[in-house]
Each structure stands twice: as C-alpha cells, then as structure tokens.
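Residue numbers (full-length UniProt numbering), protein chains in the order written: chain Y, 1 to 341; chain A, 1 to 382.
Since no wrong hints were added, every one of them can be taken at face value.
Taking CB as the label site, the calculated pair distances span: (1) G205/A - V215/Y: 50 to 56 Å; (2) A16/A - R149/Y: 50 to 56 Å; (3) S215/A - D10/Y: 56 to 62 Å; (4) D13/Y - V370/A: 36 to 42 Å; (5) P260/Y - S215/A: 39 to 45 Å.
Treat the hints as calculated values from the structure; they're not laboratory data. Just so it is clear, the structure is predicted and the values come from calculations on it, not from any experiment. Idealized CB from N, CA, C, for every residue including glycine.
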Amino acid sequence: MNATTAVDRDLSDMMSAVFARYREQHPPEKVATWDDGLWSALTDLGLTRLTGSEATGGSGAGWTEAAELLRAAATHGVRVPLAEHDLLACRLLDDAGLPVDEERRTVCVLDRTGTARGVPWAEEADRVVTVWRADGNYLVADVATAELRITGGVNTAGEPRDTVTADLAQLTGIAVPDTAIEQLWLRGALARGLQVCAALDRILELSVTHASERVQFGRPLAKFQAVQTLVADIAAQASLARAATEAALAAAIRTDWRGPELDFLVAVARSCAGHAASVVVRNAHQVHGAMGTTLEHRLHEFTGAALAWRSEFGSVGFWDDKLTTAALAAGRDGLWPLITA
Amino acid sequence: MTIPRLVPAVTENPHATDGLRAEVRAFLAEHRAKGALDAAIDTWLTGWDEDFTRALAARGWLGMTVPTEYGGHGRSFVERFAVTEELLAAGAPVAAHWTADRQIVPSLLKYGSEIQKRKFLPAIARGECFFAIGMSEPDSGSDLASVATKAVRVEGGWSITGAKVWTSGAHRADAFICLARTAPVDPAHRHDGLSQFLVDLRAPGVDIRPIISMSRAHHFNEVVLDEVFVADDMVFGTIGNGWQQVTSELGFERSGPERFLSTFALLAETAEHMGSGAVTRHTDLGRLTARVAALHQMSSAVAGALEREEPAADTAAAVVKVLGTTTEGDIADFADLLTDADSPAPYRALTDDAVRQRPGFTLRGGTNEVLRGVIARGLGMR
Chain Y
1 MNATTAVDRD LSDMMSAVFA RYREQHPPEK VATWDDGLWS ALTDLGLTRL
51 TGSEATGGSG AGWTEAAELL RAAATHGVRV PLAEHDLLAC RLLDDAGLPV
101 DEERRTVCVL DRTGTARGVP WAEEADRVVT VWRADGNYLV ADVATAELRI
151 TGGVNTAGEP RDTVTADLAQ LTGIAVPDTA IEQLWLRGAL ARGLQVCAAL
201 DRILELSVTH ASERVQFGRP LAKFQAVQTL VADIAAQASL ARAATEAALA
251 AAIRTDWRGP ELDFLVAVAR SCAGHAASVV VRNAHQVHGA MGTTLEHRLH
301 EFTGAALAWR SEFGSVGFWD DKLTTAALAA GRDGLWPLIT A
Chain A
1 MTIPRLVPAV TENPHATDGL RAEVRAFLAE HRAKGALDAA IDTWLTGWDE
51 DFTRALAARG WLGMTVPTEY GGHGRSFVER FAVTEELLAA GAPVAAHWTA
101 DRQIVPSLLK YGSEIQKRKF LPAIARGECF FAIGMSEPDS GSDLASVATK
151 AVRVEGGWSI TGAKVWTSGA HRADAFICLA RTAPVDPAHR HDGLSQFLVD
201 LRAPGVDIRP IISMSRAHHF NEVVLDEVFV ADDMVFGTIG NGWQQVTSEL
251 GFERSGPERF LSTFALLAET AEHMGSGAVT RHTDLGRLTA RVAALHQMSS
301 AVAGALEREE PAADTAAAVV KVLGTTTEGD IADFADLLTD ADSPAPYRAL
351 TDDAVRQRPG FTLRGGTNEV LRGVIARGLG MR
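Please model the entire structure based on the sequences and the hints provided.
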C-alpha cells in the first residue's frame with residue numbers, strides 16, 4: 001500500500017461526510033470564520049489534534065491521516081485551520097517542550113521589527129505560537145492573542161490572513177534548534193501543496209461533470225475535441241502535481257521529516273503544483289464558460305483556493321528560485337543524482 | 001462524480017534501486033573516462049553503438065526482465081527502469097538495443113510462442129539481435145486502425161505486401177514486428193482483422209529505403225514489403241488480435257523514461273554553464289528540474305503498474321508521454337533562448353541538436369493531440 005492512500009476507508013469516508021454535510025448547510029462567507037460548532041464537532045471526532053500525541057489529548061495519527069483530512073476539507077470547500085492548529089502550532093509547542101491544551105492556535109514567525117504578515121486565522125485564535133530570532137537563536141512562545149496587535153486581512157480563498165505585531169522586548173521564549181523552524185516551514189509548505197492538489201482534483205471533477213452535462217450546438221461539450229484537450233491538460237497537470245506532492249509526503253513520512261532530500265522534494269512539489277494551478281484554473285474557467293465566473297457556481301471556491309494556497313509558505317517563484325540554486329550547486333554531474341535523491 | 005486516479009500512486013520508497021543505480025553510474029563514469037561516452041541528445045533514436053550495447057549486455061543490463069531460462073536475468077521491471085533512467089540521463093548511446101529491449105521483450109513474454117522466445121530472447125539479452133517496429137504506414141500516422149499492409153494466407157504461412165514508415169533503425173536491425181491486415185476493414189469495427197508478424201528484415205521481398213531527417217541524419221526508413229513470406233511459426237500472438245497486442249505494447253512505448261529524458265544532458269549542461277556564468281541565471285532551470293523530478297516519480301509509478309499489469313496503465317502512459325515530451329521540448333527551447341554565437345561552442349552544438357530533434361518528441365508513439373484523446377477517454381468523456 002502507498003503511504004498516501006493507506007488511510008482506513010471508514011476514517012476517510014467519515015472525514016468526507018463531515019465536511020460535505022457542513023458545506024451543504026453553510027454556504028461560504030466572504031471571509032471565513034472559525035466556526036465554533038464545526039470546530040467542536042471536529043474535536044469530538046478527534047480530528048482537530050489528529051497528529052498530536054495521545055498523552056497530551058491528541059489522536060496519535062500520522063501525516064497519512066493528516067493529508068487525508070486536509071484533502072477532505074479542501075475537496076468540499078470547507079475553510080478551517082486544521083493544518084495551522086495541529087500540524088504547525090501544536091507540533092511546534094511539542095518541539096519546544098511547551099504544554100499543549102484545548103485552546104485554538106495558529107502560528108507566526110516575526111521579522112526583526114516584530115511583525116508577521118499573512119498569518120492564518122490569527123484574529124480568531126486563542127493563542128498564537130510565536131517564533132522570533134534573538135541572539136542567533138530561534139525562540140518560541142505560546143502567546144495569548146490579546147497580548148498581540150492584530151490587523152485583519154484575507155486571501156483570495158476568503159480565509160483570514162492577518163498581520164501580527166508584537167513588542168519583541170516584552171516577549172520571553174524557549175530556544176529551539178534552527179531545524180525545528182526549517183521543518184515548520186516545510187510542513188506548512190507541504191500542507192499547502194496537499195491542499196492545492198485536492199483543489200486541482202476537485203476542479204478536474206467539476207470540469208468533467210460540466211462538460212458531460214452541458215449541451216451546446218446539439219451535443220455535450222465533452223464530445224468536442226477542443227474541450228477534451230482542455231480537460232485532458234487539466235488532468236495531466238493535476239496528476240503531475242499529485243505525483244510530486246505524494247513523493248514529498250512519502251519521504252516526509254519515511255524519514256520523519258529528517259531526510260536531507262526533503263528540502264528538494266517539497267520544492268519540487270510546490271513548483272509543480274504551483275505551475276499546474278495556472279493551467280488548471282485557466283482551462284477550467286474556459287470549459288465552464290461564463291457561468292463558472294459567478295458567485296453562485298462552486299468553481300471559484302476551488303480555483304480561488306488553488307491560487308491563494310500556491311502563494312503561501314513561499315511563492316511559486318520562491319520555490320523555482322530555490323530549485324535553481326540547488327541545480328546550479330549540483331552542476332552537470334550532480335543534477336541527476338539530485339533528482340533521484 | 002468521483003474521477004478515478006489516472007496515474008498510480010508513487011512508490012513509497014524510491015531508494016530500493018539505489019545500489020543498482022550506483023553500479024550503472026560507476027560503469028558510465030568508466031566509459032566517460034575512456035572517452036567512449038559523450039553526452040548527447042535523443043540517444044534512444046540517434047545513438048546507435050553496438051559496442052556499447054554489448055558492454056551493457058556483459059553487465060547483465062539487457063533483457064533484465066527475461067527469465068533466466070530464456071537467457072535473461074530474471075530481474076524486475078522496476079530494476080530495468082532504474083538502469084534505463086541512468087543510461088538516458090547520461091545521454092548514453094542506447095539506440096541499437098532500444099526497441100528490442102523496451103518493447104519486443106515484454107511483448108514476446110506476453111504473446112510469444114515457445115519457439116519465438118527461444119529464438120529471440122537469448123539473442124536480445126546478449127545484445128546480438130536488434131529489432132525495429134512496423135506499425136505506422138504512409139497514410140496512417142497515429143491512426144493505426146487504418147493500416148493497409150495485407151497478409152494473405154499461403155502454404156505454410158503468410159505473404160505480406162505493403163509499406164511501413166518511420167521505421168527507426170530498420171537499416172541496421174535484424175527483424176521487425178509488423179502489424180498487418182488479415183481481414184478486410186469493417187468500418188463498424190475498425191480495430192478488428194489486424195495481426196502481428198515477426199519479419200526477417202533480410203528476407204526476400206523486403207526493400208529498406210532511407211528517410212533522411214532535416215538534420216541530414218539517417219535514422220528512419222520506409223520498409224516496402226513485396227510478397228514477403230512469413231512462416232506460421234513467426235505469426236506473433238493470435239491472428240486477429242493485433243490491435244489488442246499493439247495497444248499493450250504502447251503502454252511500454254509511451255510511459256518510459258525516454259519520454260522525459262531525451263534532452264536531460266542539455267539541462268545538466270545548462271546547469272553547468274549557468275553555474276560558471278557563461279549563461280544568465282534564469283529560474284526556469286529550477287522549474288524544469290522540478291518537472292523532470294516529478295516525471296521521474298510519475299514514470300516510476302507507471303512502471304510499477306505495468307509490472308502488475310494494471311488495466312489503467314494505458315491512460316497513465318498517455319499522461320506521462322504528453323507531459324514528458326512537452327518538457328523535453330521546453331528544455332531545448334529554454335537552452336535555445338539563453339544561447340547565441342558567443343556561447344560555449346559544444347554547448348551551443350548540443351542545443352542545436354536538441355532543437356532539431358524536438359519536433360519528433362511529441363510525435364512518435366502517438367501525437368500529443370491523439371494522446372489527449374486517450375486521456376479524455378480515461379476520464380469518460382468519449
């Protein structure tokens with residue numbers, strides 16, 4: 001069995017059902033809110049701290065299950081900070097040896113001025129696991145939201161992306177090794193990659209359905225070769241993004257996030273998923289015609305999300321640039337060994 | 001609706017073949033040091049080197065998946081895949097044995113008679129028997145159901161008349177596998193009435209005429225067959241089953257590493273020259289490196305599916321070929337956009353080769369346009 005498909009069928013059906021039902025009853029708001037009802041339902045099912053250790057109230061599951069959870073939420077267009085809370089914030093508290101409890105968390109890395117931009121869901125969190133650099137070390141503190149200055153913002157998927165400011169002189173934290181923060185970044189990047197892939201797969205599904213049902217010029221759109229070409233390219237690009245992202249996920253699981261090849265594999269995944277989104281979004285809107293551009297149609301929930309997510313935890317250009325640097329360091333004789341690492 | 005996944009899941013641990021890869025890399029380094037290996041473009045079409053092929057055979061890297069009783073090495077398709085990737089990434093000359101090893105071996109294992117297996121498999125594994133493919137025809141292109149070459153029943157066998165084109169290496173190969181009509185076309189069932197034959201390219205009635213490429217090189221041929229006799233024991237598979245057999249061969253023809261590595265030597269060379277400052281830094285180097293890495297992962301996954309004989313492998317193979325051949329061409333174009341007369345001469349020459357070979361990448365084995373149709377069928381749109 002493959003690491004990324006080996007999730008227990010009942011568990012994955014359960015995840016899917018929860019999000020499908022929720023989305024049916026809750027049309028998306030302009031800016032998503034951290035829904036208490038949904039969050040406590042997910043908590044009761046053991047899904048909000050899926051990968052946390054059982055000793056601290058988590059479910060003790062792994063990244064295989066976490067990936068399936070992110071996929072299920074993204075597939076149904078439910079906007080909820082599962083990755084931020086469990087995979088990033090609480091995991092970092094564990095890494096720093098700080099206690100974890102039931103409060104809702106997100107994570108941010110402050111710059112030298114004490115500011116972090118694009119912080120997911122900060123305004124609505126109870127606490128923000130805050131990282132900053134001082135005296136050559138990364139420090140981590142579990143800060144109550146009330147102690148931070150937060151200005152609300154939003155990404156194109158309608159998810160809160162806030163600006164957080166802290167007074168660095170007032171903060172005290174626990175030192176963590178640099179690798180903990182490098183891994184935090186990679187975990188965030190891979191989580192977004194998984195979310196992009198789920199959105200791309202859903203867009204493919206919507207496109208095939210629309211092309212099969214919509215009749216124009218006396219036959220379904222799906223029967224036009226030009227439309228088949230558009231959809232085939234969506235499928236090909238989504239498949240490539242998925243292959244690259246699954247390879248990175250499998251390596252992360254295999255090496256418990258410690259493998260030296262992870263940096264490269266996550267960059268590959270993010271580059272491929274990012275460029276795939278360009279083709280998939282463009283073609284899907286073309287296939288759907290004008291009705292796909294409306295608020296009423298669900299297509300934008302996934303095209304908007306794919307574009308928003310591909311620009312978080314590193315832009316597509318950032319990952320391409322990182323890969324370029326790696327390729328230049330590898331040179332003629334090292335490039336193939338780098339690819340097969 | 002839920003779409004079934006078109007491409008199988010990636011292998012959980014890609015490092016199982018690391019030891020084998022290291023052996024091949026050491027072998028290649030040795031040849032490079034002797035000056036017997038220059039990285040080149042599209043070497044599975046253009047790099048015909050029988051000495052190199054025999055050196056590979058001596059290491060046990062031909063006929064790897066052939067059972068030992070037929071002179072092979074009884075290794076897995078995934079191991080063969082690793083060796084092939086290493087050879088192509090190095091731009092090694094593999095054209096001589098390419099068709100035999102890639103396509104004829106799995107076909108013989110699946111459809112060949114005992115006589116045919118004993119005749120061809122040991123010779124292929126020794127690097128002494130080279131094959132070509134006789135699928136396309138002057139008027140058929142990607143539309144294989146339109147083949148018009150006819151095989152007529154005669155005493156003790158069949159008599160074949162017709163013409164095949166784009167037959168790579170036919171002027172040097174020993175035999176080819178020929179798709180012919182054994183029953184008239186039925187417009188309602190265009191795929192029926194086709195059969196395959198193993199044809200000796202030195203047999204009376206076989207006329208091999210060169211087709212010169214725009215690079216002035218001779219790789220392709222037209223093979224004209226005028227009442228060529230093929231004995232019953234060289235009928236390949238089952239009469240009338242040709243379409244099914246050809247389709248199963250195409251999975252191997254479309255998904256392999258040759259569909260994304262034809263210009264890899266140029267990408268590696270570009271990294272080298274960009275590193276030294278001879279060409280300007282451009283982040284497409286990273287983007288293309290990522291694509292090749294993802295195609296390596298995807299193509300490996302399809303290799304696993306072919307080994308397990310999974311039915312969906314046809315669509316997956318089409319996905320690999322469309323994406324892979326596009327990427328090969330993008331690499332050629334990328335280097336071409338970065339270079340001019342002032343660029344290092346050998347690098348510019350490699351780029352020119354890639355640009356000249358590029359149009360072929362997205363054609364052979366089914367055009368990308370036809371393959372998009374295959375993908376659309378996999379999605380239930382046709």
